[in-house]
Amino acid sequence: MERETISVTVNGRAYERAVEPRRLLSDFLREDLRLTGTHVGCEHGVCGSCTVMMDGVTARSCLTFAVMADGAEIETIEGLGSVEAMHPVQQAFWEKHGLQCGFCTPGMLMTAVELLKANPDPSVDDIRDAISGNLCRCTGYQTIVESIQYAAKLMREDGP
Amino acid sequence: MTERGHIPESRQREKPRADLQWIGKSMKRVEDPRLLVGKGIYADDINEPEMAHAAVLRSPHAHARIVSIDVSKAQELPGVLCAMTGADAAKVCDPLPTWASPPVLQAVIADDRVRHVGEAVAAVAAVDRYIAEDACDLIEVEYEPLPPVVDPEEALTSTGDAVLHPERGDTNIGLERKLTFGPVEEDFAAADLVIERRIRWPRSGGQPLETVGAVASFDDGAGRFTIQCNTSMYNYCGWMIASTLRVAPHKLNIVPTLAGGSFGSKMFVHKVPVLAAVLARAVGRPVKFMEDRIDNTTSCDNHASDRVYYAKLALKRDGTLLSLKTRIIDDYGAYLQFGVGQHGNALSQCVGPYRINSVEVDLAAVLTNKCQQGAYRGFGSEVANFVIERLVDAAADELGIDRIALRRQNFIQPDQFPYLIPTGNMYDSGNYQAVLDETLKLADLEGWRAKQAEARKEGRYIGIGVATCQERSVFSATEFWMWNLEPGVEWTSSPDGVSVKIDPTGKAFVTLHSPFWGNSPETVAAQVLAEQLTIDPADIEITYSDTDQGLNSTGPGGSRFTVMVTGAIVGAAGKIREKLLRIAAHLMEADVRDLTLQDGAVHVKGVLDMKMSIAELADKAHYYRLSMPEDLDLTSGLDATYVYDHPVTTLPDPDERHMGIFYPIMGHSCHIPVVEVDVETGQVHFLHYAAVHDCGTMVNPMTLEGHIRGGTVNGIGTALFEEFSYDEAGQLTTALWTDYLIPTIKESPADIVVGHVETPSPFTEYGVKGGGEGGRMGGPPAIAAAIEDALKPLGVTIDSLPLPPSKLRALIRDAQARAA
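For the record, the sequence lines run as chains A and B. Those letters in the first sequence? Residues 2 to 161, per my numbering, in order. Those letters in the second sequence? Residues 678 to 1497, per my numbering, in order.
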C-alpha cells in the first residue's frame, strides 16, 4: 500500500514519517515511534485506554488514522511527567490508589488532564462526566475520582 | 477424625500482633511509578529485532466440519512469512494442556472440525499485523455445518452430529455425577419446608482491558523456545506448554510480562503462547501474537460459569436450615481447560456462613458450541454464594421471618471455628455476627427503611438487599481434580516461593516467582520483608523470575497470593535473620540469645550502642570470610530461598464421604446495597452501598479496599449487564464492548462505603486471609435481593441474572399483568 509522509509533533519533538493511510495513530505511536505508554484495550473506541491529546483535545488513537494527525501536536503519557518529576495527576493517582493493573491509566490520566485544564475545581459530577468514556475494570472508579479531586487541589496550590 | 475429616495442626510461625510497623499500613504501591509514567512493560510493548506479527482466521460457524482449506493466496501476499492450518500445526505440536480426565482434546488451531464461533482455523505470520490480517482474508475455507448445540439443558440429550467430541462417546455430557455429604435424605425427611428454585447464572468474564499476548522465539542453535507472555502459573505448570510444543521442559523459558488485568482470565493461558511459538519456529523469527478484542472475547479463557441450578433447601418451621440439594447443569462450552475445577471450588463454601447439616450436588458439565470456560473472580464459588443467598431470602419470605434474622439464627458461631462443613472443607475462623453488625451500622438500615416507606407512598421503588457471603481464599490443587471419575492430574501441592538477597551494601532484593497481573505483589512483598527485617521498604527492590530461574510457585488466583507470598517471605527472612544474628554474635562477642533485630540493626539487648547495622553485617557477610567462625553454613553472602506450602490442606476421603480441606482460609463479607428501580424503564440506580469484609489481618487496607470496590463493580456488571450471549445458531452476539456492557463510572455507585472486621486466621502467617475476589462474591446476591425488595409491591422474584433494563422491564410487565 502506498505511503504518505506526515509531520507530527509528539511530546514536543518533531517527527516526519511515511505511513500507510490505514495505519492507526495508536500503532504509529506505539510501533513507529516506540511510545508504548499509550495502550490499546478494545481497539473499537469503547474503553478509552488509547486516549491521547491531539491539538489540546483528547482523541482515541485507536479510532484515528495517523494521517489525520498530519501537522498536529500530540501529547502522550510519556510527555506528562517522569518518575522523578511527576505531573500532579500522576502524583495524585499514586497517593490515592487510582490504579491497579495500570492499563487504563494513561488514557485516564490524559482525560483528567484535559478536564483540569478546562475546569480547575471540578465537582464529583464533573469528574464522573469527564471519565465516563474511560473504562477501568480494576478500581470501581471511586479512587480515580478521589485522585482527580486531589490532583485539582495540588494544581490549584502549586500551579500546573 | 470425624466423617467430615480431620484438622491438622497449625504451622503458623508469626502470630498476629498489634505492634507491626509495616503490615496493616496503607502504604503507597511500589508498582505504581513506572505504570504512571507509561514505562510499565506489558506484553504488547515488547519489540524484538526482526519480530513478525501474527493474526488468526477464526471460525464463523458454531459447529462445522472443515471440508477444505486453502492458504495459497495468503502465502503469496508480499510480507507474509507463513500461513498455517490446523493440519500444519498438528504436525509440530500436540493438543493443549488440560486438567480434564479423561481429557477433552483441544488443538491450538482446529483441524477437522470447529466447535465454536471464533475458534482458530488458520494463523498467519507476517512482517506486520496489517498484512497478517490481510492474509487471513485471502484464506479460503469450505465448511460443512453441523447442528449447533447452544442450550445447556438440550445438550444433556445430544447425539449424533450434534456431539462435539465423538471420541468421548455419543454424548455432550463432559462429566456427570452426584456427590452426597452427610444424611441428606434423613434431613429432607425431617424438614417442615423445602424451598425450591430454578436459578440461572449467566456466562460472563473477567474482560481485563488488556488481552492476552505473547512474543515467542526459537533458538535453533540451542533448540530452545523463549516465550514472553502475560500468563500466570508458569512456575507451577509452564512445562506443560513445552510438552504441547514437543520439546523437553528445559528447552522452554517462559518470561512473565506485566498483565493489564486478569481477574482469572490469564490464570494459565495456553492458546496464545503456543500459537506464537509454533509460528516462531516455522518462520525462524520472533513472533508476536497479541489478541485483538474479538480474538479474546470469542476464543480465550475469558468465559466463566454458565449454570442452571435446580436447588432445594430443607428447613424447619422455626427457621433452622437442615440440608441443601442442587442439580447443576453447567455449560462449559467446547472444551474443559481446568476440568470441572470450578465445581471443586464451589464445594468449598456451598453452605455459606450457615450451619447446614448435609449437602447433595448432582452435576452435569455439558459441552456446547461456545468458547470454553476459564476462570473469573470467584471461579465458581460466586455462583454458589448467589444460590444459597437467594434460597435463604426465599426461605425467610416463605416463613415470614426477617431476612437478616434468619441469617443470624443460622450463622456458624465464633466459638465453633475451625469448622468443617459437610463437603469436608474447613472454615478456619470468623465472626459473621460482627461483620453483619458493622455493615448494618454503615448502611443505616433503619434510615433507609424509613426512606423506602416514604418513597413507596410516592410510587417510587427503593429496595435494600442484604447478603452475607463466604469469601474463600488460598486454593489447594485438589479442587481441580476432586470431581474426576478417572485419575488424571492429581496434584496436592500449591506452594509459592520467593528468593531474597541482601547485597553487600545492605539493600534487599526480592525475586517473585509469580507475575504481576494487576494486584500488588511488589507492595505486599516489600511490606512483609520490611516487617521481617525491620528495614525501610524503599531499600527493597522487587523483580520477577522466569521459568529458568523460577521456584515452584502457583501464582495469584483464588485470592491466594498475599497469604502465600507472606508465608514465603517469612520463611526466607527467617533464614536471613538467623544468619545475621550468628554473624553479629560472633563479631560483637555476644550470645545469640542476647541479640535482637530492630530498626535495621542487630542490637545487644540492654546494652546501649552495642549494635551493628544490617549494612555492616552484610558487608562482613560478603567480604570477610576470614573474620567468620569456621562454620560450613556461614557461606559468604546473605541470601535465602523459601517455598511456602499451602498452610493447611488434606486429601479427599477415598470413599468420598468428604473432599478434605482444600479452601480453608475463609473470609466473610456482608453487602448492603440500596437501589431504586425505575419501573418505567427498568433502570437500577444505586442510592447507597455498604460492604464490610473480614479478610483476617490486613496487610494493606488501601489495596484491599481497592479489590473490594473493584470486585463489587465487577459484581454489579454480572448482576445487571454482562453476558456472553449466544443466539440459537451459536453466534456470540456480545463479542464487542458495544454489546457486552462493562460498567462505566455512570453505572457504578459514587461511594461504596467499605468497612473491615479482622478475624485473623490461626493457620497463616500473621493471620492474613485473601481478599481478591470478595466484591464479586458478595455483590450479585445482594443486588438481586435489593431489586427484589424494591419490587416487592409488584411481586417480582429474581432467579436469574443479568438484569439489564430490558429484562427487568419484562419481569415488571409480567408481574403487573399477573396482578391485573
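Treat the hints loosely; a few may be bogus.
[Said to hold, decoys possible] Over 10 Å on every C-beta distance to chain B, these chain A residues come out as not near it, computed from the model:
| # | residue |
| --- | --- |
| 1 | G13 |
| 2 | A19 |
| 3 | E21 |
| 4 | E32 |
| 5 | E44 |
| 6 | V47 |
| 7 | V68 |
| 8 | E96 |
| 9 | G103 |
| 10 | C105 |
| 11 | G141 |
| 12 | L155 |
| 13 | D159 |
[Said to hold, decoys possible] Under the rule of at most 25 Å between Cα atoms (straight-line distance), these lysine to any residue pairs were calculated in the SDA-like manner:
| # | chain 1 | residue 1 | chain 2 | residue 2 |
| --- | --- | --- | --- | --- |
| 14 | B | K855 | B | D1332 |
| 15 | B | K716 | A | N120 |
| 16 | B | K702 | A | V84 |
| 17 | B | K1178 | B | A1317 |
| 18 | A | K97 | B | V707 |
| 19 | A | K97 | A | V68 |
| 20 | B | K1184 | A | E85 |
| 21 | A | K154 | B | V1430 |
| 22 | B | K1423 | A | A15 |
| 23 | B | K1423 | A | E79 |
| 24 | B | K1118 | B | D1330 |
| 25 | B | K705 | A | T6 |
| 26 | B | K716 | A | P123 |
| 27 | B | K716 | A | Q92 |
| 28 | B | K705 | A | E79 |
| 29 | B | K855 | B | D1330 |
| 30 | B | K1184 | A | S83 |
| 31 | B | K750 | A | Q92 |
| 32 | B | K1256 | B | W699 |
| 33 | B | K1252 | B | P1172 |
| 34 | B | K993 | B | I1081 |
| 35 | A | K118 | B | Y1301 |
| 36 | B | K692 | B | M704 |
| 37 | B | K705 | A | S8 |
| 38 | B | K702 | A | Q92 |
| 39 | B | K989 | B | L856 |
| 40 | B | K716 | A | A86 |
No lab work stands behind these hints, which were simulated from the structure alone. Values in this document were obtained by computation on a predicted structure and should not be read as measured data. For every residue, glycine included, the Cβ atom is placed at its ideal position computed from N, Cα and C.
We went through each hint and held it up to the structure:
No Cβ of chain B approaches the Cβ of A:G13 within 10 Å, the least distance being about 15 Å, so the stated non-interface status holds. In this structure A:A19 is separated from chain B by more than 10 Å, as the shortest Cβ-Cβ distance comes to about 14 Å. Not every beta carbon of chain B lies more than 10 Å from that of A:E21, the smallest distance being close to 7 Å; the non-interface claim is violated. The non-interface label for A:E32 is inconsistent with chain B: the shortest C-beta to C-beta separation is roughly 8 Å, within 10 Å.
At roughly 6 Å from the closest C-beta of chain B, the C-beta of A:E44 falls inside 10 Å, breaking its exclusion from the interface. The claim that A:V47 lies off the interface is violated: its Cβ sits roughly 4 Å from the closest Cβ of chain B, which falls inside the 10 Å cut-off. Every Cβ of chain B is farther than 10 Å from the Cβ of A:V68; the closest lies at roughly 14 Å, confirming the non-interface assignment. Not every CB of chain B is more than 10 Å from the CB of A:E96 (nearest about 7 Å), against its label as outside the interface.
At the 10 Å boundary, the C-beta of A:G103 falls inside the reach of chain B, the nearest C-beta of that chain being 3 Å off. A Cβ of chain B approaches the Cβ of A:C105 within 10 Å, the least distance being about 5 Å, so the stated non-interface status is violated. Residue placement check: A:G141 does not keep its beta carbon more than 10 Å from all beta carbons of chain B (closest about 4 Å). With a least CB separation of 14 Å from chain B, A:L155 remains clear of the 10 Å interface cut-off, as annotated.
Every beta carbon of chain B lies more than 10 Å from that of A:D159, the smallest distance being close to 18 Å; the non-interface claim holds. At most 25 Å may separate the alpha-carbon atoms for a hinted pair to count; B:K855 and B:D1332 meet this at roughly 13 Å. With a C-alpha separation of about 28 Å, the suggested pairing of B:K716 with A:N120 is violated against the 25 Å cut-off. As the CA atoms of B:K702 and A:V84 are separated by approximately 23 Å, the hinted pair is consistent with the 25 Å bound.
About 6 Å separates the Cα atoms of B:K1178 and B:A1317, which keeps this hinted pair within 25 Å; it holds. With a C-alpha separation of about 13 Å, the suggested pairing of A:K97 with B:V707 holds against the 25 Å cut-off. For a cut-off of 25 Å, the pair hint linking A:K97 to A:V68 is broken: about 38 Å separates their Cα positions. Annotation: proposed proximity of B:K1184 to A:E85 holds, straight-line Cα distance about 21 Å (limit 25 Å).
Among the hinted pairs, A:K154 with B:V1430 is consistent with the structure: their alpha-carbon atoms are about 23 Å apart, no more than 25 Å. Note on B:K1423 and A:A15: the hinted pairing is violated, with a Cα-Cα distance of about 38 Å set against a maximum of 25 Å. For the suggested pair B:K1423 and A:E79, the alpha carbons sit about 29 Å apart, so the restraint of at most 25 Å is broken. At most 25 Å may separate the alpha-carbon atoms for a hinted pair to count; B:K1118 and B:D1330 exceed this at roughly 43 Å.
The straight-line distance between the Cα atoms of B:K705 and A:T6 is roughly 45 Å, outside the 25 Å bound, and the hint therefore fails. Restraint check for B:K716 and A:P123: not satisfied, since their Cα atoms lie roughly 29 Å apart, outside the 25 Å limit. Between B:K716 and A:Q92, the direct Cα distance comes to roughly 15 Å. Compliance with the 25 Å bound is thereby established for this hinted pair. Restraint check for B:K705 and A:E79: the C-alpha separation of about 22 Å stays at or below 25 Å, so the hint holds.
Restraint check: the Cα-Cα separation between B:K855 and B:D1330 comes to about 16 Å, which is no more than 25 Å; the hinted pair holds. Restraint check for B:K1184 and A:S83: the C-alpha separation of about 24 Å stays at or below 25 Å, so the hint holds. This hinted pair does not check out: B:K750 and A:Q92 have alpha carbons roughly 53 Å apart, beyond 25 Å. Between B:K1256 and B:W699 the CA atoms are separated by roughly 23 Å; this keeps the pair inside 25 Å, and the hint holds.
Straight-line distance between C-alpha atoms of B:K1252 and B:P1172 comes to about 18 Å, which keeps the hinted pair within the 25 Å bound. Restraint check for B:K993 and B:I1081: satisfied, since their Cα atoms lie roughly 17 Å apart, inside the 25 Å limit. Our distance criterion of 25 Å between C-alpha atoms is broken by A:K118 and B:Y1301, whose separation comes to about 59 Å. Distance restraint check for B:K692 and B:M704: the Cα-Cα separation of roughly 21 Å lies within the 25 Å cut-off, and the hinted pair is therefore satisfied.
A threshold of 25 Å between alpha carbons decides the hint, and for B:K705 with A:S8 the separation of about 40 Å lies outside it, so the pair is violated. This hinted pair checks out: B:K702 and A:Q92 have alpha carbons roughly 19 Å apart, not beyond 25 Å. In summary, the hint linking B:K989 to B:L856 is supported, as the alpha carbons are separated by about 15 Å, within the 25 Å threshold. Restraint check for B:K716 and A:A86: the C-alpha separation of about 14 Å stays at or below 25 Å, so the hint holds.
Checked against the numbered hints given earlier, this structure breaks hints 3, 4, 5, 6, 8, 9, 10, 11, 15, 19, 22, 23, 24, 25, 26, 31, 35, 37; the rest are met.
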